[in-house]
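Quick mapping for you: the protein sequence lines, in order, are chains F and D. Mapped onto the working numbering, the consecutive letters of the first sequence carry residue numbers 5 to 249. Mapped onto the working numbering, the consecutive letters of the second sequence carry residue numbers 2 to 234.
Simulated from the structure, these hints should not be mistaken for laboratory data. Careful: at least some of the hints might be erroneous.
Said to hold, decoys possible - Pair by pair, the computed Cβ-Cβ distance ranges are:
| id | chain 1 | residue 1 | chain 2 | residue 2 | range |
| --- | --- | --- | --- | --- | --- |
| 1 | D | R59 | F | Q93 | 28 to 36 Å |
| 2 | F | G114 | D | G183 | 22 to 30 Å |
| 3 | F | P176 | D | A220 | 45 to 53 Å |
| 4 | F | L143 | D | G138 | 24 to 32 Å |
| 5 | F | E25 | D | T140 | 20 to 28 Å |
| 6 | F | R41 | D | A220 | 43 to 51 Å |
| 7 | F | P40 | D | T140 | 25 to 33 Å |
Said to hold, decoys possible - Covered stretches of chain F, going by a simulated chain D footprint (3 or more residues, C-beta under 8 Å):
| id | stretch |
| --- | --- |
| 8 | 27 to 40 |
| 9 | 88 to 95 |
Even for Gly, the Cβ is constructed at its ideal location relative to N, Cα and C.
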Amino acid sequence: MTVMRETTSVLPLAVTGLAFEAGGKRLVDAIGFTIPRGGLTVLIGPNGSGKSLTLRLCHGLLTPSAGRIAWAADHGVIAGHKRHAMVFQKPVMLRRSALANVEHALAAAGAGWSERRTRAREALDRFGLTDKADRPARLMSGGEQQRLAIARAWALRPEILFLDEPTSQLDPGATRQIEQMILALKAEGVTLVMATHDMGQARRLADRVLFLHRGRLVEDAAAETFFSGPASAEARAFIAGDLVW
Amino acid sequence: MDIAQSFSAALVLIWGGDPAFVAIVRLSLAVTLTAVAVAALIGLPVGALLALSRFSGRGLVIVLINALMGLPPVVAGLLVFLLLSRSGPLGPLGLLFTPTAMVVAQAILVLPIVIAITRQLVEDLHGEYREHLASLGLTGLRAIPTLLWDGRFALATAILAGFGRASAEVGAVLIVGGNIAGYTRTMTTAIALETSKGDLPLALGLGIVLILLTLGINAVTYAASRVGARFAG
Chain F
5 MTVMRETTSV LPLAVTGLAF EAGGKRLVDA IGFTIPRGGL TVLIGPNGSG KSLTLRLCHG
65 LLTPSAGRIA WAADHGVIAG HKRHAMVFQK PVMLRRSALA NVEHALAAAG AGWSERRTRA
125 REALDRFGLT DKADRPARLM SGGEQQRLAI ARAWALRPEI LFLDEPTSQL DPGATRQIEQ
185 MILALKAEGV TLVMATHDMG QARRLADRVL FLHRGRLVED AAAETFFSGP ASAEARAFIA
245 GDLVW
Chain D
2 MDIAQSFSAA LVLIWGGDPA FVAIVRLSLA VTLTAVAVAA LIGLPVGALL ALSRFSGRGL
62 VIVLINALMG LPPVVAGLLV FLLLSRSGPL GPLGLLFTPT AMVVAQAILV LPIVIAITRQ
122 LVEDLHGEYR EHLASLGLTG LRAIPTLLWD GRFALATAIL AGFGRASAEV GAVLIVGGNI
182 AGYTRTMTTA IALETSKGDL PLALGLGIVL ILLTLGINAV TYAASRVGAR FAG
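Model the full assembly from the supplied sequences, consistent with the hints where possible.
Encoded structure:
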């Protein structure tokens, strides 16, 4: 396989003044940050703080009520290929085999018949799912499904991958596997933005932390700085394990 | 002739492969299968379209189509009769009392079933798949092929239900086909006629074939859902 050298990048991603309203309520407001190339940024905060919404807005699944999501390349698309992908909390598995799930994503991205098969096999091999290729995806375990979801996203060769609480429904063993996959992706140079409410996971994985609270970005700091001395009272309370409302 | 004698005569008709008998069965199957194919070809995309589109009056359309699932076959027959009769808008085509007219009438009976079930199924499936498909760029109508394919086993059930309705109905084909021997006489119209004429063996023989057909359809429906559970999850 030849590796294409990118002359251009969709990154950095610059988010400014981002707001989203639903039912007359402003669910996220005045959110601004920049995601450069590389590294793992964790969006952390209590439930309802706007982590998932922010990811969905960045990925283009929702339209912002205000603010801008500016990719270095228009809409994060280069030469007709969308260079950002997303993995959801509850993996959406099509009613097909594991292999066919990956092939479907590649077909949607415009890959030809034989290229689909090659790249789908490659993705399953890459993440140790080779022997599951012909299994109906919906009959696989929760952990296997999430691994497949990540393999499926990886097959699309995204420059940046959004992960929305990818392990919140998994047991510790499966969580460890997913975290290893995420670290492998990071080592490969994929830029990662992950939402989680699991402090332990954030500590294990994050290079940088965006702390959200009630739909606002309260802190944006390097992971070490954030965990050793959070600037805001809300973050201190969250780290201390208090319930923050 | 008592019932036992009629019954054994009926079995002889089936076993012996009486040409007139076989011709009736064959015409029935040809008409119904064609009608179901036409209804599926129109109903699957229309149902999916209805599932994904939002327009004012959509609720009304859905209620109307659901109601049409219970359209009495004789009324469907009457409507097609009016359309195709010599003074009707499609009269010049000269289709009245032909197998084609029967296909049209049965397709009209099957179409609401296919549209209604497809609509419901695709809508549910889309609720589950929407974000993933949108992430892949498959928004709007571009989601339809994926949704129809992933609903294939349940959709097969819908189509078989349509086949069941069409093969069992008598009113519509009687009105627009005219029950002409050797030309538009189907199993159901033949049973209606032969029973009133007193030819019980032919009526019974055709009745047995119809029941076997219904059993077969249900066996295939059951198998489709089992295969679906196994291969699609």
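So, going through the hints one by one against the coordinates:
For the pair R59/D and Q93/F, the supplied restraint of 28 to 36 Å holds, since their beta-carbon distance comes to about 31 Å. Range check, G114/F to G183/D: Cβ separation about 55 Å, and the 22 to 30 Å hint is violated. Against the hinted window of 45 to 53 Å, the Cβ-Cβ separation of P176/F and A220/D comes to about 46 Å, which satisfies the hint. Hint check: L143/F to G138/D, Cβ distance near 27 Å, so the stated range 24 to 32 Å holds.
One distance hint, 20 to 28 Å for the beta-carbon pair E25/F and T140/D, holds here, with the actual separation near 21 Å. For the pair R41/F and A220/D, the beta carbons lie near 59 Å from each other, so the given range of 43 to 51 Å is not met. Range check, P40/F to T140/D: about 29 Å between beta-carbon atoms, so the 25 to 33 Å window is met. Note: the stretch 27 to 40 of chain F has 0 residues with beta-carbon separation from chain D under 8 Å; the three-residue rule is not met and the coverage is violated.
With 3 residues having a Cβ less than 8 Å from any Cβ of chain D, the stretch 88 to 95 of chain F passes the three-residue criterion, so the hint holds.
In summary, the structure is inconsistent with hints 2, 6, 8 from the numbered list given earlier, while agreeing with the others.
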